[in-house]
Amino acid sequence: MSEVRYTDQHEWIRLEGDEATVGITKYAAESLGDVVFVELPPLAKTVTAGGEAAVVESVKAASDIYAPAGGTVTAANSALEKEPSKVNEDPEGAGWFFKLKLADAGEFAKLMDAAAYAKFVEGL
Amino acid sequence: MTLTTQVLRRTPLHALHIALGARMVPFAGYEMPVQYPAGVLKEHLHTREKAGLFDVSHMGQAFLAGDTAALERLTPADVAGLKEGMQRYGLLLTDAGTIKDDFMFSRLQGEADLYVVVNADTKEGDFALIAGKLAGAATLTPRPDRALLALQGPAAAAVLERHSPGISELTFMKVGRATVAGCPAIVSRTGYTGEDGFEISLEGEDAEKVARTLLAEAEVLPIGLGARDSLRLEAGLCLYGHDIDETRNPAEASLMWSVGKRRKEAKDFPGAAATLGPQAIKRVGLRPDGRAPAREGTEIADKTGRIIGKVTSGGFGPSLNAPMAMGYVESVFAVNGTPVDLIVRGKALPATISPMPFVPHTYRR
Numbered sequence: 582m583s584e585v586r587y588t589d590q591h592e593w594i595r596l597e598g599d600e601a602t603v604g605i606t607k608y609a610a611e612s613l614g615d616v617v618f619v620e621l622p623p624l625a626k627t628v629t630a631g632g633e634a635a636v637v638e639s640v641k642a643a644s645d646i647y648a649p650a651g652g653t654v655t656a657a658n659s660a661l662e663k664e665p666s667k668v669n670e671d672p673e674g675a676g677w678f679f680k681l682k683l684a685d686a687g688e689f690a691k692l693m694d695a696a697a698y699a700k701f702v703e704g705l
Numbered sequence: 524m525t526l527t528t529q530v531l532r533r534t535p536l537h538a539l540h541i542a543l544g545a546r547m548v549p550f551a552g553y554e555m556p557v558q559y560p561a562g563v564l565k566e567h568l569h570t571r572e573k574a575g576l577f578d579v580s581h582m583g584q585a586f587l588a589g590d591t592a593a594l595e596r597l598t599p600a601d602v603a604g605l606k607e608g609m610q611r612y613g614l615l616l617t618d619a620g621t622i623k624d625d626f627m628f629s630r631l632q633g634e635a636d637l638y639v640v641v642n643a644d645t646k647e648g649d650f651a652l653i654a655g656k657l658a659g660a661a662t663l664t665p666r667p668d669r670a671l672l673a674l675q676g677p678a679a680a681a682v683l684e685r686h687s688p689g690i691s692e693l694t695f696m697k698v699g700r701a702t703v704a705g706c707p708a709i710v711s712r713t714g715y716t717g718e719d720g721f722e723i724s725l726e727g728e729d730a731e732k733v734a735r736t737l738l739a740e741a742e743v744l745p746i747g748l749g750a751r752d753s754l755r756l757e758a759g760l761c762l763y764g765h766d767i768d769e770t771r772n773p774a775e776a777s778l779m780w781s782v783g784k785r786r787k788e789a790k791d792f793p794g795a796a797a798t799l800g801p802q803a804i805k806r807v808g809l810r811p812d813g814r815a816p817a818r819e820g821t822e823i824a825d826k827t828g829r830i831i832g833k834v835t836s837g838g839f840g841p842s843l844n845a846p847m848a849m850g851y852v853e854s855v856f857a858v859n860g861t862p863v864d865l866i867v868r869g870k871a872l873p874a875t876i877s878p879m880p881f882v883p884h885t886y887r888r
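So the sequence lines, in the order shown, correspond to chains Y and C.
The first sequence begins at 582 in the numbering used here and counts up one residue at a time.
The second sequence begins at 524 in the numbering used here and counts up one residue at a time.
Restricting the straight-line Cα-Cα distance to at most 25 Å, the calculated cross-link-like pairs of lysine-lysine (DSS-like) are: (1) C:Lys790 x C:Lys656; (2) Y:Lys680 x C:Lys870; (3) Y:Lys682 x Y:Lys667; (4) Y:Lys682 x Y:Lys626; (5) C:Lys565 x Y:Lys641; (6) C:Lys565 x Y:Lys667; (7) Y:Lys663 x C:Lys870; (8) C:Lys606 x C:Lys784; (9) Y:Lys626 x Y:Lys663; (10) Y:Lys691 x Y:Lys626; (11) Y:Lys626 x C:Lys870; (12) Y:Lys607 x Y:Lys682; (13) C:Lys833 x Y:Lys641; (14) C:Lys656 x C:Lys784; (15) Y:Lys607 x Y:Lys663; (16) C:Lys656 x C:Lys606; (17) C:Lys697 x C:Lys573; (18) Y:Lys680 x Y:Lys607; (19) C:Lys573 x C:Lys732; (20) C:Lys606 x C:Lys787; (21) Y:Lys607 x Y:Lys667; (22) C:Lys573 x Y:Lys641; (23) C:Lys697 x C:Lys606; (24) Y:Lys607 x C:Lys565; (25) C:Lys870 x C:Lys833; (26) C:Lys870 x Y:Lys641; (27) Y:Lys663 x C:Lys565; (28) Y:Lys641 x Y:Lys607; (29) Y:Lys667 x Y:Lys626; (30) Y:Lys641 x Y:Lys667.
Bear in mind the hints are in silico, worked out from the structure with no lab data behind them.
With the hints as constraints, model all of the structure from the sequences given.
Pasting the structure below:
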C-alpha cells in the first residue's frame, strides 16, 4: 500500500512503510524539457523539508530539486546518471531521484494529494 | 504591484508558429518560438541530421546606399574590398573600439547598395549609430517589413534546390537574388549552426508561403530558439550580449579573423591601438570533464583555486553528447589543453581549455 503526495515545487513523494521515493512530476518534466544531467544526493545525507536535495539540468537550464519532507537519503537512482532521459520518459516511475527514511511522517501528511496537485497545476 | 506594458512584436510567421504548436516566449522585444512539440533536443539533432527551418525575422535587415565603404568608420572588417556576390561577417564598434554588435554584410551582383543584417536586440541602436556616423556619406534604410528564414543542415541544399533550381551552386558565404517557391528572395549560403545551409530574406507577405513550402518537405522540421542556441554554441559562434558586448574588443573576443588585413595594417578602426596590442583576457572554449553543464556566469579557476575568468555561454551539446562552454580567461591560460576548474554549485568541476568549434563545421566551400 503506497500513498503519493505532491509539492508546489512539482516534486512527488511516494510513501511505502517508512521509506519514501521522490521524483519530479510529469508537469515538471515537460516544463523542463529534455533532461541531460542529474546530480543526486549522497547516501546518508540528511535533508530538510524544502531543502535542496538534487539538481536536474535540461538543455535549457539547471533546476534544484527540493526534499518534500525531511529525512535521511537511503538510495539514489544512479541509472539517471547514465540515462537522464528517463526523467522525461517516465518521471513518476523509472525516473525517480532518491529515497528517504522520513524523520517526521507529519510533514508528508501536510503535502497535497493528487486531486489538490491537479487543481494547483490547473491554476498555473 | 508593477504594471509594465510591453507590447511584443510579431514576425510574419507568428500565426504559423502557433499553428505548429510552438511554445512562444518574449525575446528581443518579439514573441518568438523557443521550441516546437519535438523539443529542443530532437530539434537540435534533426538539424544536424537532416534540415531545420528557423524564423529569424526579428533580426535587423537594412540596405546601405551611397559611399558604402564609409561603413569602415564603424567596423574593422574590409567593406571596400568585398566583391559582388559575397557576404562577410563583421563587428560594429563603439568609439572606444569595443563591440557594439556583430553583423553580416553583402554586396549583391550588379547592385551598388550593401545589404546588412544585425542582431534583433541591438538593431535600433545599431541603425541609429550607422545612420549618424555615416550621415552625408551613405543612407541606411531599415527593412522591418522583410522576413528572414534560415534553412540549415545537410539536407538543406537538396531541399532548397527543389524550390529554387540552381541555388545549390552558391557556395559558403556567397549571396544572390533568387526566386524561392515563386517568391523573390535574397539567398546566402550562411547560417548560425555550423551546418551547411542558407539564409533567405523575403518580403514579409511571402514568408509564410515559403516557410510552409519548405516545411512540407520530409527532411524539414521547424526549429526554435532553444535549439538555435545549442547549435550555435556547439559551432563555437558568439551570441551578442553574452559572449561579446561593449566591454570587449575584437582581440579579447578572439574575433581578429573578422578584421581585414588592410585594416590591421592601416590601424584605421576605432580602438585599433588597444585591439592590436597585448590583451589581458581572451575568449576560449571549455570542455567540462563530466556531464554537468556549466552555465553562463560560472566562475573559472586555475588549479590553485584562483579565479581567472567567467563562462559567458554554457550548456549541454546534444550532438557533442557532453557539456561545453565558452568564456573569458586571463590570456596566459588561453591555451588549448590547459586544465582549469569550473565552480559549479560551490564545487570545482575539472575542465579543459578546448578548441572551437566543438562540433566540426560542415560548410560547403
